[in-house]
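K.L.:
Please model the entire structure based on the sequences and the hints provided.
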Amino acid sequence: MAAGARGPVIDCDIHHELPHEQDLVPYLSTGWQEYVRHPEPHPWISVFPPFPFVNPHGFDREDSIPGDGTASASSLEMMREQLLDPNGIEHGVLTNGFGIYLAGLANPYFAAEVARALNDFTRERWLDREPRLKGSIALAPQTPEESAAEIRRLAPDARFVEAMLCTNPVGHGFGHPLFDSIHRACAETGLAIAIHSLGDTVSGTAAAALAGGRPVTYYESHTGALQGMMTHLMSFITHGVFERYPDLRLVLTEGGITWIPAFLRRMDTNWKGLRREIPWVKRSPSEVFHAHVRVTSQPMDIESPGDPLLEPLVAIGFEDNLLFSSDYPHWDSDNVGITAARLPAAWREKVLWRNAAELYGLEVPLRA
Amino acid sequence: MSTVGDGRVRSDAIDVCALEDVRSAGVLEVAIGRRPLALTYVDGDVRAFHGGCPHRGGPLGRGRIACVVGADSPRLRTVDADRRVLMCPWHGWEFSLPDGQAIADPAVRLISYPVELRDGRVLVTLGHSR
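Heads up: the protein sequence lines correspond to chains A and B, in order.
Using this note's numbering, read the first sequence as starting at 1 and increasing by one per residue.
Using this note's numbering, read the second sequence as starting at 1001 and increasing by one per residue.
One or more hints might be untrue.
Said to hold, decoys possible - Heads up, incomplete: computed chain B residues facing chain A, CB under 8 Å, no partners named:
(1) D1012
(2) A1013
(3) A1071
(4) D1072
(5) G1092
(6) W1093
(7) E1094
(8) A1104
As the list claims (entries may be wrong) - Here are the simulated distance ranges between beta carbons:
(9) D1082(B) - P131(A): 56 to 62 Å
(10) R1083(B) - S29(A): 32 to 38 Å
(11) P1059(B) - R266(A): 20 to 26 Å
(12) I316(A) - D1012(B): 56 to 62 Å
(13) P1089(B) - D301(A): 19 to 25 Å
(14) I1111(B) - R266(A): 52 to 58 Å
(15) E188(A) - E1116(B): 57 to 63 Å
(16) A1107(B) - S29(A): 56 to 62 Å
(17) D332(A) - P1098(B): 39 to 45 Å
(18) R1023(B) - L309(A): 28 to 34 Å
(19) P1089(B) - K282(A): 48 to 54 Å
(20) S1096(B) - S29(A): 57 to 63 Å
(21) D1015(B) - I316(A): 18 to 24 Å
Claimed, not checked - Stretches of chain A that chain B covers, calculated by requiring three or more beta carbons in the stretch to come under 8 Å of a beta carbon on chain B:
(22) 237-251
(23) 267-276
In case anyone wonders, no lab produced these hints; they're calculated from the structure.
We put the CB at the ideal spot given by N, CA and C, even for glycine.
P.N.:
As structure tokens, this is what we get:
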């Protein structure tokens, strides 16, 4: 499919990275620069928590690695060439790279400083240079009040369209009232809350990476990442977050989609019998989901418009909830044209741009 | 559970129990032939419903009457003493009284039958279910 032939595209999950970890240091305050710069001959400390798994062929598309020692997806020029230009992307939401794992840092004060620095890096090195790009506010939710302050600091910049949670710092789902200050800050500033999957695989996290037992391979960790998304979705609904903040929207990023109809059915069924325990949940979980939750497409385990797994998604009206995402530059990233071809034709406009434009309040100039 | 009549649909009222039986029980399971009924008593008002829960067939006549619980937020849990529900003893589904409407599913409503109180007895007419 030729670029532009399908109409506009909004990509809701583009990972961008620091060329080198040390490139974040100038964005830290003087005091925290001193913290990471150990005197010679000691190495500087890492600004990100360690990632324990190995992908046998690397975590990124091979052609996205610059080859000069800098990280994949750290070059705006390459991102333009490989993603934005050939796919006709009108808006692309940056979601950070290793920055999504900040809640795995042991020191909560340092984590909050890294989040602030990362957001300034994103603004200066990416958003200021490319108007098609939008930002996700990186958060260190070990300190929810500081996260809320960071949301309020950046919300006046309309290029930031969501605040992103990922790694779980306390072992409770993100709908727990411990995170209420983050919910409120997003509701009051009109930003969506996004939850990126895979956050609990880093060292130092307070939540189990997988329900039932820790993964020991990247395969398990990556395949089972949807489990955490179930927990967070159920947590938001159970704690009545959307009853408290009726205009709040939640985005589930990179958590898969085919599990959603079955899980909504389970939640609806148990809600009917256990409503007395959570009487503040006045609508069925599936109603709440349809009104408040959006889900990014990649990884999309739908192979064609005739795939039987699509039928339950059609039945719940999922075309209103689905947002296109590429997950560039990761090894399992998706292509716009191929994703569109795997969906019903009637869904494509909503999924490729209209749902995201409404969610984020983005203007999309339609091509003639 | 007491059983009276043969359960065939008819238009005449069938004597199913003493009023005192359902008044003291709150919820009473009776049957007309093979047809189970759940009788409820709330503040002098007696209702008769089909006794099988529309969810999974639980015996509603062995359920209980409860007040409606609500909340505007998790910290503001309330009990509405003026509104009652019949609760299924199996899966906890709640049906508002007196109309039998499922609290959590607008598409589900209990089948109800006309009740007549006469000389301290409860009479139910199967032929006029609602």
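K.L.:
All hints, please: hold or fail.
P.N.:
For each hint, the structure was consulted:
no., hint, verdict
1, D1012, "violated (36 Å)"
2, A1013, "violated (34 Å)"
3, A1071, "holds (4 Å)"
4, D1072, "holds (7 Å)"
5, G1092, "holds (4 Å)"
6, W1093, "holds (6 Å)"
7, E1094, "holds (7 Å)"
8, A1104, "holds (4 Å)"
9, D1082(B) - P131(A): 56 to 62 Å, "holds (59 Å)"
10, R1083(B) - S29(A): 32 to 38 Å, "violated (58 Å)"
11, P1059(B) - R266(A): 20 to 26 Å, "holds (25 Å)"
12, I316(A) - D1012(B): 56 to 62 Å, "violated (47 Å)"
13, P1089(B) - D301(A): 19 to 25 Å, "violated (40 Å)"
14, I1111(B) - R266(A): 52 to 58 Å, "violated (28 Å)"
15, E188(A) - E1116(B): 57 to 63 Å, "holds (58 Å)"
16, A1107(B) - S29(A): 56 to 62 Å, "holds (58 Å)"
17, D332(A) - P1098(B): 39 to 45 Å, "violated (57 Å)"
18, R1023(B) - L309(A): 28 to 34 Å, "violated (55 Å)"
19, P1089(B) - K282(A): 48 to 54 Å, "violated (25 Å)"
20, S1096(B) - S29(A): 57 to 63 Å, "holds (59 Å)"
21, D1015(B) - I316(A): 18 to 24 Å, "violated (49 Å)"
22, 237-251, "holds (count 4)"
23, 267-276, "holds (count 6)"
When each numbered hint is compared with the structure, violations occur for hints 1, 2, 10, 12, 13, 14, 17, 18, 19 and 21.
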